[in-house]
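These protein sequence lines are chains A and B, in that order. Counting in numbering that gives the first Met the number 0, the first sequence runs from 0 upward without gaps. Counting in numbering that gives the first Met the number 0, the second sequence runs from 0 upward without gaps.
If you are wondering where the hints come from, they were derived from the structure by calculation, not from laboratory data.
Okay, the calculated bits of chain A under chain B, using three or more residues with CB under 8 Å as the criterion:
#	region
1	92-98
2	104-110
3	278-291
Just a sample of chain B residues kept apart from chain A, beta carbon distances all over 10 Å, derived:
#	residue
4	Asp1
5	Phe4
6	Phe83
7	Trp137
8	Ser161
9	Ala201
Label-pair restraints from in silico Cβ distances:
#	chain 1	residue 1	chain 2	residue 2	range
10	A	Ser137	B	Met285	45 to 55 Å
11	B	Glu200	A	Gly133	52 to 62 Å
12	B	Asp145	A	Val80	44 to 54 Å
13	A	Phe164	B	Arg8	49 to 59 Å
14	B	Met103	A	Ala72	48 to 58 Å
Glycine included, each C-beta is placed from N, C-alpha and C at the ideal position.
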Amino acid sequence: MLTAETIIQSLASGLLMGLLYGLIAVGLALIFGLMDVVNFAHGEFLMIAMYATFFLFAFFALDPLLSAPLVAAALFVFGAVVYLLIVRFAVRAKANAGMVQIFSTFGLAIVMRGLAQFFFTPDYRSVTHSWLGGKTISVAGIFLPEPQLMGAAVAIAAFGGLYFFINRTDFGRALEATREDAGAVALVGIDKNRVFALGWGLGAALVGLAGAIMAVFFYIYPDVGASFALISYVTVALGGFGSVFGAFAGGIIVGLVEAATALVLPPSLKSVGIYAVYLLVVFIRPRGLFGSM
Amino acid sequence: MDEHFANRRRRDLVVAACLIAIAALAPLFVTDVFTQNVMVLTLMYAALSQSWNILSGYCGQISLGHALYFGLGAYTTALLFTKFGVLPWFGMLGGGVVSALIAMALGYPCFRLRGHYFVIATIVIAEIGLLLFQNWTWAGAALGIDIPVRHDSWLTFQFPRSKLPYFYFALALAAVAWFVTWWLEDSKWGFWWRAVKDNPEAAESLGVVVFDSKMGAAAVSAFLVAVGGGFYAQFVSYIDPESVMGFQFSLLMALPAVVGGIGTLWGPPLGAVILIPLTELTRTHMGGSGRGIDLIVYGSLIVLISLARPQGLVGLFARPRKV
Numbered sequence: 000m001l002t003a004e005t006i007i008q009s010l011a012s013g014l015l016m017g018l019l020y021g022l023i024a025v026g027l028a029l030i031f032g033l034m035d036v037v038n039f040a041h042g043e044f045l046m047i048a049m050y051a052t053f054f055l056f057a058f059f060a061l062d063p064l065l066s067a068p069l070v071a072a073a074l075f076v077f078g079a080v081v082y083l084l085i086v087r088f089a090v091r092a093k094a095n096a097g098m099v100q101i102f103s104t105f106g107l108a109i110v111m112r113g114l115a116q117f118f119f120t121p122d123y124r125s126v127t128h129s130w131l132g133g134k135t136i137s138v139a140g141i142f143l144p145e146p147q148l149m150g151a152a153v154a155i156a157a158f159g160g161l162y163f164f165i166n167r168t169d170f171g172r173a174l175e176a177t178r179e180d181a182g183a184v185a186l187v188g189i190d191k192n193r194v195f196a197l198g199w200g201l202g203a204a205l206v207g208l209a210g211a212i213m214a215v216f217f218y219i220y221p222d223v224g225a226s227f228a229l230i231s232y233v234t235v236a237l238g239g240f241g242s243v244f245g246a247f248a249g250g251i252i253v254g255l256v257e258a259a260t261a262l263v264l265p266p267s268l269k270s271v272g273i274y275a276v277y278l279l280v281v282f283i284r285p286r287g288l289f290g291s292m
Numbered sequence: 000m001d002e003h004f005a006n007r008r009r010r011d012l013v014v015a016a017c018l019i020a021i022a023a024l025a026p027l028f029v030t031d032v033f034t035q036n037v038m039v040l041t042l043m044y045a046a047l048s049q050s051w052n053i054l055s056g057y058c059g060q061i062s063l064g065h066a067l068y069f070g071l072g073a074y075t076t077a078l079l080f081t082k083f084g085v086l087p088w089f090g091m092l093g094g095g096v097v098s099a100l101i102a103m104a105l106g107y108p109c110f111r112l113r114g115h116y117f118v119i120a121t122i123v124i125a126e127i128g129l130l131l132f133q134n135w136t137w138a139g140a141a142l143g144i145d146i147p148v149r150h151d152s153w154l155t156f157q158f159p160r161s162k163l164p165y166f167y168f169a170l171a172l173a174a175v176a177w178f179v180t181w182w183l184e185d186s187k188w189g190f191w192w193r194a195v196k197d198n199p200e201a202a203e204s205l206g207v208v209v210f211d212s213k214m215g216a217a218a219v220s221a222f223l224v225a226v227g228g229g230f231y232a233q234f235v236s237y238i239d240p241e242s243v244m245g246f247q248f249s250l251l252m253a254l255p256a257v258v259g260g261i262g263t264l265w266g267p268p269l270g271a272v273i274l275i276p277l278t279e280l281t282r283t284h285m286g287g288s289g290r291g292i293d294l295i296v297y298g299s300l301i302v303l304i305s306l307a308r309p310q311g312l313v314g315l316f317a318r319p320r321k322v
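Go ahead and model the full structure; you've got the sequences and the hints to work with.
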């Protein structure tokens, strides 16, 4: 039965989920905007962030809300290391640059999944009890789960912080300058590799934040990243490559479309709506909604 | 084209004929079923990757959604056979034609997209196909289709007791895909494709019909991949959406070409000969009980090869160029 109430209820959940999708995708958008590289291991970054949150909970009884900054910091280091060890060489490739980027990061994704299976086993894990897990609040008859609400709040805060960071700090300006002309910034004494490494770190830290929140209400297993990775690519491309805030808008659209599709089609087909909207948008605007490239 | 190029093409043809002859004799010496199975898969991936390479390598339109055509080929063959009793031979051809038509219908809007927008469009279109098949009850939904196997027969292309007929069919398919590529390389189309890949604007200004070139490459590529899908359905006699249309499959199809050398004639078979036996061996010997070691080995190899030899391994066999 489609009543006004069910429609509002699912669109509200869709909006919350959409903000979270935006948070997951923004790291990808940041890295792409900075250096034209799509990280095909993005979903696996999310996966290790979720595992990190789980183990902090399992061994130190740390609530995901407390471990989120730690996980983000750990992912920052991880992202910078991935850039220095792999991506730095991939972008140097003289032949087939596009394929080398896709398949070096895709190879990394497979290795990470293999390592997760080896060390953590393929079993499903979950953070069994947390401050927010399983709780809902009701606003005017609409039930909103607290973990998703917190996720949405973190997403909005992260986007606000990112906006401030990119526009108001020296590093943000260096990031922006390197994006526009990596050759020219070398002339004013900015080390391109350092900026790229920090950019990868920042992108990974953002997905780390998302992973810590998601660990509260999602099962954690080695392949968990795969489904979110595809949604992230679609979110970023929908918003438009080169636009970090396009990812924010893209996330909200994806969340709402997914919820709306689930109202009219069987739940197993809910992603079809997202994909169809992506195709529709790029057929009309081949650079996405806010894309510059 | 100059004499050097003509000589190279003649040499390629002779080498291919020798390799096919050697491969055709191989089953005389290899009787172990596991090894025969690996040989069939290697040839199948060589054929698939060679076909993928036509659109993605030569024409430069990177598709990570070719699992759609593989799945369409497999499903057309299996559905026509199980529901209407149509022989798989016609099913494979029918699947090829259906896929080529769909590839062109999808290409019509998609070929206006560039770079990552195009790649992501190919991924999501294949995902839509996967989701639709998973929810299509008449076609078996997520459970898939079990193809009833009775006895060895060339008519129904079923051989429950022997791998050899599959081996020879896969060899023929790989040979056809190779030969089609060889032939197209020196045709008008081959030159158009390389021009489109290198610089579409310049190509257009020199009179290359960019859009038609892409459509042609998509049709040929999809047709051959779909025939491979039909073959696979007969070979394993059980298909389900995830195993023939999943995203992983699109990547697995592209990998041999990437490892061997994308946009080259010998890259896909070389990549398949290296990757497929390695995958099967690591999976059998190290993949037990989901420990993931096979994934670690396989993934590391992909990272190392793509970083160390971005142009693919095929260059290792090239003779130094005479000046």
